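These protein sequence lines are chains A and B, in that order.
Going by my numbering, the first residue of the first sequence is number 1, and it counts up by one from there.
Going by my numbering, the first residue of the second sequence is number 1, and it counts up by one from there.
The set of hints was computed from the structure by calculation and includes no laboratory data.
In this text, all values refer to a predicted model and were calculated from it rather than measured experimentally.
C-beta: ideal position from N, C-alpha, C; glycine also.
Hints are not guaranteed to be accurate.
To give a feel for the contact side, a few chain B residues facing chain A, derived at Cβ under 7 Å [as the list claims (entries may be wrong)]:
id, residue
1, 27
2, 29
3, 45
4, 88
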Amino acid sequence: MSAESHVVEHNAEHSFRQHHFIDAEQQFTTSKLGMWLFLATEILMFGGLFVGYGLMQSVYPEAWIAGHHHLDRIMGAINTVFLLCSSFTMVMAVHYASTSQKSKTVVNLLLTLGFAAGFLVIKYFEYSHKFHDGLLPGRYFAYHGGGPSQQAMFFGFYFAMTGLHGVHVLVGMGLIAWILLRTMKGEFSSAYYTPVDLVGLYWHLVDLIWIYLFPLLYLVN
Amino acid sequence: MSGHAHTPSARIYVVTLGALLFLTGITVGAAYINFGSSSINLIIAVLIATVKASLVAMIFMHLRHDPPVNAIIFISSLLFLGLFILFPMIDIGSRDKVVPYGLRMQNPPPAAAGQAPAPGAPAASGEHGAAPAASH
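In isolation and in its complexed conformation, chain A is listed as follows:
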């Protein structure tokens, strides 16, 4: 890289590069490293629920099978497709942000928000159906259609896991709306799009967790 282009780049960096980083590249990779550390803690937080799920499934397989019959596979599959598509539009938004294509970034962020909203709408219908039938966790379980009493525990895991995941979807939507506004203000370009990239990583993790939740909860067999 020639000296004058380095000077130009240095001036362009001036607006976003913090003084304790050598250059924009180092600042970018450091931000990503921090995000990955955060994602590791997220995996371990959900991990506790997965461990409890695995233990109780091995103790009460019949309650798990009875419980999952109350879940709607079609709705679960549609939600899986929604989240996979939202991950795709998110990575396209990152791609366009990294190549300074503002309007395409905005479109893809809007599509991501749309898929996320669709996910929550379906989740709402599923939840209200469960509430109506009394398929509630623990001592609130009031279903009178028979089956093993430990279904109450299955629904404890169902609501804890999908609920925590749903909160992550809501937080992710807030973050996407935030970078959408910043994109529209023209704050990102190929020189600096770190927030878009990091929100993208968060959103893909939300997708990743659902990839496991869907077969474990809806497709127990």
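Since chain A is already given, all that's left is putting chain B on it; use the hints.
Relative to chain A, chain B alone:
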């Protein structure tokens, strides 16, 4: 410039989405086939999910092109999660059937009461702290 040279073309994302949707179809289809036992079905579903998760991590999350330290953090968290799952599984697989505390009152075997509380605890062992109980 921030990983600009490494930014892959958009086509790979389209291909990845197609693969993910295809694998989702496989997962749903496999759930309707009985492979012998529900645990075999579960293992198959989790294996397919792991393939999908790897695609998301490698391509959508750019781990292919990142410095290896990010992948090391990610895989380490999965290894520790594996340990977290493994040891309780060994524990629960090597003992008699465990009745969770709150649910004990629904199936009241008097014999179970002898195992639970320490000597000196009152007989009403099912009452205190049974907040998550499924009692009626």
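Hint-by-hint comparison with the structure:
1. The interface hint given for residue 27 (chain B) holds, since its Cβ lies 6 Å from the closest Cβ of chain A, which is under the 7 Å cut-off.
2. This hint is violated: residue 29 (chain B) has a C-beta 10 Å from the nearest C-beta of chain A, more than the 7 Å allowed.
3. Interface restraint check: residue 45 (chain B) against chain A, minimum CB-CB distance 4 Å, threshold 7 Å, status holds.
4. With 7 Å as the threshold, the beta carbon of residue 88 (chain B) comes within range of chain A, its nearest partner Cβ sitting at about 6 Å, so the hint holds.
Comparing the model with each earlier hint shows a violation of hint 2 alone; every other hint is respected.
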